[in-house]
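Visitor: With the hints as constraints, model all of the structure from the sequences given.
Protein chains: 2
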Amino acid sequence: MFVDYEILIAWGSVAKKYKKGEYIFHEGDLPKFFFQVIEGSVKIFNTNNEGREFTQGAFNVGDSFGEPLLFIDELYPSNAITLEDSVIIKLSKDKFFAILDEYPNLQKKLIHVFAERIWNKSTTSRDIINTNPESRIISFLKAYKKKIKKEGEDIEIPYTRQQIANYTGLRVETVIRALAKMKIKKSVQIVKRKLIY
Amino acid sequence: MFVDYEILIAWGSVAKKYKKGEYIFHEGDLPKFFFQVIEGSVKIFNTNNEGREFTQGAFNVGDSFGEPLLFIDELYPSNAITLEDSVIIKLSKDKFFAILDEYPNLQKKLIHVFAERIWNKSTTSRDIINTNPESRIISFLKAYKKKIKKEGEDIEIPYTRQQIANYTGLRVETVIRALAKMKIKKSVQIVKRKLIY
DNA sequence: CGGTTCCTTGAGGATGATCAACGAGGGTGG
DNA sequence: CCACCCTCGTTGATCATCCTCAAGGAACCG
Chain A
1 MFVDYEILIA WGSVAKKYKK GEYIFHEGDL PKFFFQVIEG SVKIFNTNNE GREFTQGAFN
61 VGDSFGEPLL FIDELYPSNA ITLEDSVIIK LSKDKFFAIL DEYPNLQKKL IHVFAERIWN
121 KSTTSRDIIN TNPESRIISF LKAYKKKIKK EGEDIEIPYT RQQIANYTGL RVETVIRALA
181 KMKIKKSVQI VKRKLIY
Chain B
1 MFVDYEILIA WGSVAKKYKK GEYIFHEGDL PKFFFQVIEG SVKIFNTNNE GREFTQGAFN
61 VGDSFGEPLL FIDELYPSNA ITLEDSVIIK LSKDKFFAIL DEYPNLQKKL IHVFAERIWN
121 KSTTSRDIIN TNPESRIISF LKAYKKKIKK EGEDIEIPYT RQQIANYTGL RVETVIRALA
181 KMKIKKSVQI VKRKLIY
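Here the protein sequences line up with chains A and B, keeping their order.
FYI, the numbering for the first sequence is 1 to 197, going by this note's numbering.
FYI, the numbering for the second sequence is 1 to 197, going by this note's numbering.
There may be inaccurate statements among the hints.
No copy is singled out in the list; a pair is fine if it fits within one copy or between any two copies.
Calculated pairs, DSBU-like style, for lysine-lysine (alpha carbon to alpha carbon, straight line, at most 35 Å) [as the list claims (entries may be wrong)]:
hint	residue 1	residue 2
1	Lys93	Lys183
2	Lys146	Lys43
3	Lys90	Lys186
4	Lys192	Lys93
5	Lys142	Lys95
6	Lys150	Lys95
7	Lys109	Lys186
8	Lys194	Lys108
9	Lys192	Lys109
10	Lys17	Lys186
11	Lys142	Lys108
12	Lys185	Lys19
13	Lys90	Lys149
14	Lys43	Lys149
15	Lys108	Lys185
16	Lys150	Lys183
17	Lys145	Lys43
18	Lys183	Lys142
Calculated directly from the structure, the hints in this document are not laboratory data.
Guide: Have a look at this one:
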């Protein structure tokens, strides 16, 4: 979702700078704030005890994140970290609710955004549970192209092998080997280590 | 979510009977209706080409389902099927929107329900991606107990091994063998094949 | 009882994970 | 310009885990 900066500021929200790699919240924290990215980008993710990571989502300039938790009585199920130096605007839960009451069409926007996230997470689980590495990777790539509205064309994928692994729940080596096979099958191209799909 | 029957009926919704195992919609269908369970229960799930199944969620009397798709421009990512003989109320998309406009606190309810679903799906992906069969099963059991608000006590789990497998993305045999180990470790009990946790 | 559904067990195999090592490329500072 | 570092990509060998296939047993129901 995106809430106008004027509104956020009028209601007393505070912008804060974060260095690359700083945590905005941790798994298990009590959710108290609405967050929106002003500059930079944010990743929401989980790690398990072996340090393995799973990326739940990424958020860029204009996106808010973590809002669902404000509506339910649960702790954050994941961590949020900046992917680069960033500025994040922060507003207390009750003020956020007040804004929602004031601007009913923000509620509609929110419903819309939540609906998208549910759809996203449904398709992701579906793809991850059922399939082999190659299909998982293809699903991920398709989702990316869809997100940036380049579904027709071949584009360079701006993710490292490790990032793809984190999004698909695979290991780097597995991603690399799968991509190698896919290159032979010509389902992807690899030019100077850059992935094209 | 739950919308009062009087409201639904006033707006011309239709109740339909379904036999056990009938499809309400299929993956790939165009979403056109709001659905709410009046009697019986519904499961939303995916299958892959090998017939493997993944359960996305289950819905009981009073629950609506599939609503997120009404807000976005996508086809159903999953199937919906009745788990027993059921009665489902059905309302066209635009009438559903009209109701939402009429009753703003239904919007709030909807936001709340969507938020819960997002949380659910996040924790599920987290648990499924990262962990071994035993932890996945424990996560599933915990989620179930939480849902029915019996978190303190040991209860009989009303799911077959196959159903647990479908929820956790495992195979039946794996579930059975994991449960056997867990029984030895005393993390679950099995009495006359019934699972207690 | 006969059928159906569910549970169980064993053997064998495939696949992805793990561990270890190395190569390529880009950036930085001397 | 070169040396160094750091991140990212790659490869091979080995292993553990879960899946697959097959068969049979237990429980329940009409």
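Visitor: Starting from the hint list further up, note which numbers the structure goes against and sort them upward.
Guide: Failing hints, ascending: 1, 3, 4, 7, 8, 9, 10, 12, 15.
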